[in-house]
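S.K.: Given next are the chains, with one letter for each unit.
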Amino acid sequence: MRPFLLVCWFLATQLSANATCNTSPDLSASVAAFRVQQASRIEALLRFGDENGLCFGIEEVDAALLTELADFDVKNSTVQATIKSILGPGHPITTEKHHGVIEVRPRSRRATSRNILDFVISKWEANRGELQLVSWLLRIQLATELNPQIKGFGGDARAGDTGDEVGPFNERNVPVRYLLDKIVAQSRGGSSWIVQVNWEELHDFTLFQNRSAWTIVEYEGQKANYAGLLNGIAAGLNQKTNADDKHPPGAAR
Amino acid sequence: VTPVLRLADGSETSLAPVTIQPEEVASVDINAAIAAAAASQLVGTYGSVALRFQAVSASALYAAMMIHNMGHAIAFHIDAMGESQDFQVGSREGIWWLPNDSASDYLILTNQGKNTLSLNLSLYDASGKQATQQVLLGPTETSRFSTRKLILASGLTGSYGGIKISTNTNAGALDSLHFLFDQTPGFSATLKMFDYDPNATLAERDYAHTGTWTLRAPMLALSTPDLALALPPGTTLQPQLFIRNTTAKTLTANLRFNWRNTTKTGAAPGPSLTLNPYETRRIDVAALQAGGTLPKDANWASVTLTTNGLPDELIAVAASYDQTLQYGAQTPFSDQLSFRWEGGMWQYDAYHDSIITAGNGGTKPTQSAFTIFYNQGTQRYDLEQTLQPDEQMWIDVGQLIREQVPDKNGKLLPPDLTNGSYEFRDLTNTGVGALYEGKVIYDNTYGHVAYGCAECCGYGETIPWYNPIGVPIYTAVADGVNALSSCTSTYDNVSSAFYNNWASANTAIATVDYYGNHTGVAQGSTTSQTQGSIASPKIRVCPLLLRVPSGGVNVQFPVPTKVLPVATQSQGAIICSNGQGWQRIVTNQLQDQFGRAYAHSGILMADILTFGSTNQLGLVPGTGSSPTDSNGDWSDLYSDCTSACPSTGQSVAQQTWTYNSLPLPHANTVVYKCTSITIDGY
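The listed protein sequences derive, respectively, from chains G and W. Its first residue numbered 1, the first sequence is counted upward by one per residue in my numbering. Its first residue numbered 254, the second sequence is counted upward by one per residue in my numbering.
Hints are computed from structural coordinates only; laboratory data are not their basis. Ideal Cβ placement from N, Cα and C applies to all residues, glycine included. Where hints are given, some of them may not hold.
Claimed, not checked - Across the chosen pairs, the derived CB separations fall in these ranges: (1) Gly221/G x His853/W: 44 to 50 Å; (2) Val924/W x His203/G: 50 to 56 Å; (3) Ala820/W x Asn225/G: 43 to 49 Å; (4) Gly221/G x Pro918/W: 44 to 50 Å; (5) Gly663/W x Asn170/G: 53 to 59 Å; (6) Pro918/W x Val120/G: 41 to 47 Å.
What the hints assert, rightly or not - Dumping the calculated DSS-like pairs for lysine-lysine here, alpha-carbon to alpha-carbon at most 27 Å: (7) Lys123/G x Lys223/G; (8) Lys97/G x Lys75/G; (9) Lys123/G x Lys926/W; (10) Lys661/W x Lys815/W; (11) Lys926/W x Lys151/G; (12) Lys549/W x Lys517/W.
Said to hold, decoys possible - Away from chain W, derived, C-beta distances all over 12 Å, residues of chain G: (13) Thr20; (14) Ser30; (15) Arg35; (16) Val74; (17) Thr78; (18) Pro92; (19) Ala126; (20) Asn127; (21) Glu130; (22) Glu145; (23) Ile150; (24) Ala157; (25) Gly160.
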């Protein structure tokens with residue numbers, strides 16, 4: 001009996017360490033226990049996804065979700081209920097599954113007009129490469145379609161896990177959110193995309209000619225320190241963008 | 254370098270200038286140069302040579318006169334020596350030797366300066382009996398004397414004794430040369446003369462820190478000649494030393510030998526001597542060999558002479574000739590130890606070969622590096638050896654070429670190589686150095702061996718590594734001392750010569766330890782200094798002179814100051830829908846004002862890129878943010894992608910940073926190209 005238990009524990013550990021997104025997540029699957037102390041709600045959601053092979057697309061965040069710390073202790077629940085429990089009653093949500101990614105949207109926002117994540121990229125090709133590089137290529141593709149006069153981009157961005165390669169991609173007429181879903185779904189250790197602008201800005205397409213609407217967080221297991229990254233997103237939410245100064249020449253308004 | 258020939262009256266004739274590349278040896282054939290200059294007034298006369306040159310330092314040029322009359326046995330090698338402006342009262346000290354009744358000799362005095370020298374020329378017999386005459390030497394004039402004639406005229410007797418040429422002003426302008434020749438057997442010898450500076454201290458010249466002034470002769474040929482010298486079989490040399498007390502007080506001298514033959518080396522004590530005032534003593538080394546003090550089959554010995562006197566109060570000359578005086582060799586005595594010796598020309602051809610040596614004159618093992626330069630100084634051949642105290646590195650240049658011996662890098666010398674220059678470096682000791690050196694070039698047709706000397710290197714300016722040194726509070730930062738080498742005009746790290754002397758002017762702000770580690774105690778500014786004696790480039794010697802480098806100390810709390818890439822993780826070409834470009838992932842590091850990692854995790858690093866007027870790739874900026882890890886590092890992805898690629902164009906951006914929304918004072922310059930991205934030049 002003892003050898004069998006040891007083998008099971010080993011396999012479970014291995015699966016967890018190499019967690020990738022479940023290509024067909026079951027929101028009704030049972031969750032025996034999930035416990036995190038002194039973490040923000042978004043960090044707790046990322047750790048829940050990391051432990052259970054779930055990738056998320058998080059469409060709205062605010063400073064409280066990103067920075068306010070709490071303890072989370074969920075027992076004998078489901079995936080769906082655990083997600084709602086983590087985000088709390090103050091943030092009612094709906095969930096949808098696309099390309100193996102659980103998209104989390106605020107329930108109250110559903111009826112509003114389309115945002116940048118709904119923007120349809122007419123044609124996007126990317127070679128296989130580091131996840132963050134591919135994310136950057138999608139970002140500049142979006143900016144180029146928003147302003148075809150832009151010749152090129154130069155910049156720097158967080159490199160993330162440089163061994164985490166995704167792609168290649170050859171997509172036609174796909175909304176940004178689904179392209180993000182496809183990227184994170186291929187992450188070798190699992191990941192989630194998170195918007196990094198506030199809800200109102202998400203609808204101002206002109207902002208995204210030189211600013212990224214999202215960031216992708218790669219799961220890093222128990223040792224992960226997501227707080228620094230999430231604090232950075234929260235800080236960005238508080239910085240009011242001077243859109244007039246940021247518009248490249250010839251940009252469509 | 255413009256060679257200038259001066260007649261005895263000081264009148265000058267310039268020869269054609271030569272340009273000498275670094276580490277190159279250039280030869281000027283004086284006869285040919287005189288003919289080319291149509292200077293018939295120089296033919297059949299004598300005088301001195303001056304070399305006028307422009308170089309990064311006065312020590313950059315080494316020169317020697319090699320007087321050969323091809324087809325005759327006689328040869329002299331005479332090292333050039335410059336005028337020393339800071340040597341005023343003193344003398345030139347020498348030993349005269351008349352080995353037979355027919356040898357001729359010349360004592361040549363040259364005034365290198367612009368003032369007339371008033372000289373006392375004194376000769377002594379072996380017991381110290383003195384005869385003196387006055388000599389006036391006008392500016393740039395040369396006079397020559399026969400000591401044989403002077404001795405006869407003065408009533409002195411014997412076959413050897415002393416020479417003193419003294420003056421009370423401009424002693425550093427006097428150069429002298431004393432040599433012997435006898436055309437019948439084909440004999441020639443140089444009797445080295447020494448500067449005596451009554452102000453010289455033992456501390457300046459005690460290079461090995463033994464508390465005793467020490468002279469060494471590195472290559473005394475012993476009774477049984479080295480086969481490498483190609484002397485006729487059966488030749489027996491008569492090695493001897495002449496040791497002279499140049500003062501009016503009694504001095505003691507102790508001799509010891511380190512001998513070698515083809516298979517073995519060893520040490521042997523020599524006699525102890527008490528020398529009366531101005532006495533000259535002859536030591537028969539051949540008799541020491543015959544008596545068993547030194548092995549009979551030993552070929553060479555380095556001779557070490559210690560004394561209770563001050564520098565140059567005792568002088569010595571060595572000579573090893575056979576009974577006919579036709580075959581022989583000499584080795585010069587010198588007290589100089591150095592961290593670096595720059596040598597002149599060695600020769601290896603059908604008629605000549607060269608043996609070069611360096612020995613450890615210190616009290617601890619040292620690593621010695623020897624380099625041969627050839628092909629106009631563009632090629633080098635390197636050997637290294639660990640030397641125990643008194644041990645020598647022994648290099649037969651002809652053997653290296655002939656037997657194609659690889660150097661430490663596996664390199665071989667060209668089989669047709671005939672000459673070049675050389676250098677020794679002490680890799681263990683900095684600032685002072687423990688190496689002495691010697692070189693002989695022998696003529697294997699006539700059996701004549703001539704020695705040459707290398708030039709010691711010294712240090713000019715000494716400065717702290719940092720001035721001011723920035724010290725984080727409660728943290729230690731190493732400081733040290735760099736010194737400007739007179740030979741290379743580069744700064745060397747000589748910190749070890751300054752250990753145990755560091756001091757802080759205000760220990761309430763910063764403390765300094767034995768090695769120069771500064772530790773911040775309280776925020777503020779102070780100064781620190783240290784002291785040490787290191788080799789200094791005087792014209793004629795490299796004495797140990799005290800240096801006191803000092804600098805400012807600023808103690809501050811570390812604050813984030815700049816971002817620098819510390820590693821490249823990957824880079825390569827990328828393709829995007831509207832073109833192509835480059836991506837480079839680096840490890841960026843947040844650093845403090847001291848250039849150290851600001852090692853705190855979770856600091857949010859954000860940047861703004863601003864492209865300026867150079868934007869040939871038509872880039873618009875796109876940036877992100879990232880938190881630091883516990884090392885102050887984060888991985889950053891720099892990239893460009895544009896329809897302007899491929900091209901040779903570039904776009905330059907200023908990258909300003911914030912840490913946790915606070916601005917950093919340093920902005921990076923990022924250069925984006927189609928095939929590279931650099932950050933601050935990295």
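S.K.: With reference to the structure, classify each hint as holding or not holding.
M.R.: Here is what the structure says about each hint:
{"no.": "1", "hint": "Gly221/G x His853/W: 44 to 50 Å", "in the structure": "violated, 22 Å"}
{"no.": "2", "hint": "Val924/W x His203/G: 50 to 56 Å", "in the structure": "violated, 36 Å"}
{"no.": "3", "hint": "Ala820/W x Asn225/G: 43 to 49 Å", "in the structure": "violated, 20 Å"}
{"no.": "4", "hint": "Gly221/G x Pro918/W: 44 to 50 Å", "in the structure": "violated, 37 Å"}
{"no.": "5", "hint": "Gly663/W x Asn170/G: 53 to 59 Å", "in the structure": "holds, 54 Å"}
{"no.": "6", "hint": "Pro918/W x Val120/G: 41 to 47 Å", "in the structure": "holds, 44 Å"}
{"no.": "7", "hint": "Lys123/G x Lys223/G", "in the structure": "violated, 38 Å"}
{"no.": "8", "hint": "Lys97/G x Lys75/G", "in the structure": "holds, 23 Å"}
{"no.": "9", "hint": "Lys123/G x Lys926/W", "in the structure": "holds, 26 Å"}
{"no.": "10", "hint": "Lys661/W x Lys815/W", "in the structure": "violated, 43 Å"}
{"no.": "11", "hint": "Lys926/W x Lys151/G", "in the structure": "holds, 14 Å"}
{"no.": "12", "hint": "Lys549/W x Lys517/W", "in the structure": "holds, 12 Å"}
{"no.": "13", "hint": "Thr20", "in the structure": "holds, 21 Å"}
{"no.": "14", "hint": "Ser30", "in the structure": "holds, 35 Å"}
{"no.": "15", "hint": "Arg35", "in the structure": "holds, 23 Å"}
{"no.": "16", "hint": "Val74", "in the structure": "holds, 27 Å"}
{"no.": "17", "hint": "Thr78", "in the structure": "holds, 33 Å"}
{"no.": "18", "hint": "Pro92", "in the structure": "holds, 29 Å"}
{"no.": "19", "hint": "Ala126", "in the structure": "violated, 8 Å"}
{"no.": "20", "hint": "Asn127", "in the structure": "violated, 6 Å"}
{"no.": "21", "hint": "Glu130", "in the structure": "violated, 7 Å"}
{"no.": "22", "hint": "Glu145", "in the structure": "violated, 9 Å"}
{"no.": "23", "hint": "Ile150", "in the structure": "violated, 6 Å"}
{"no.": "24", "hint": "Ala157", "in the structure": "violated, 4 Å"}
{"no.": "25", "hint": "Gly160", "in the structure": "violated, 7 Å"}
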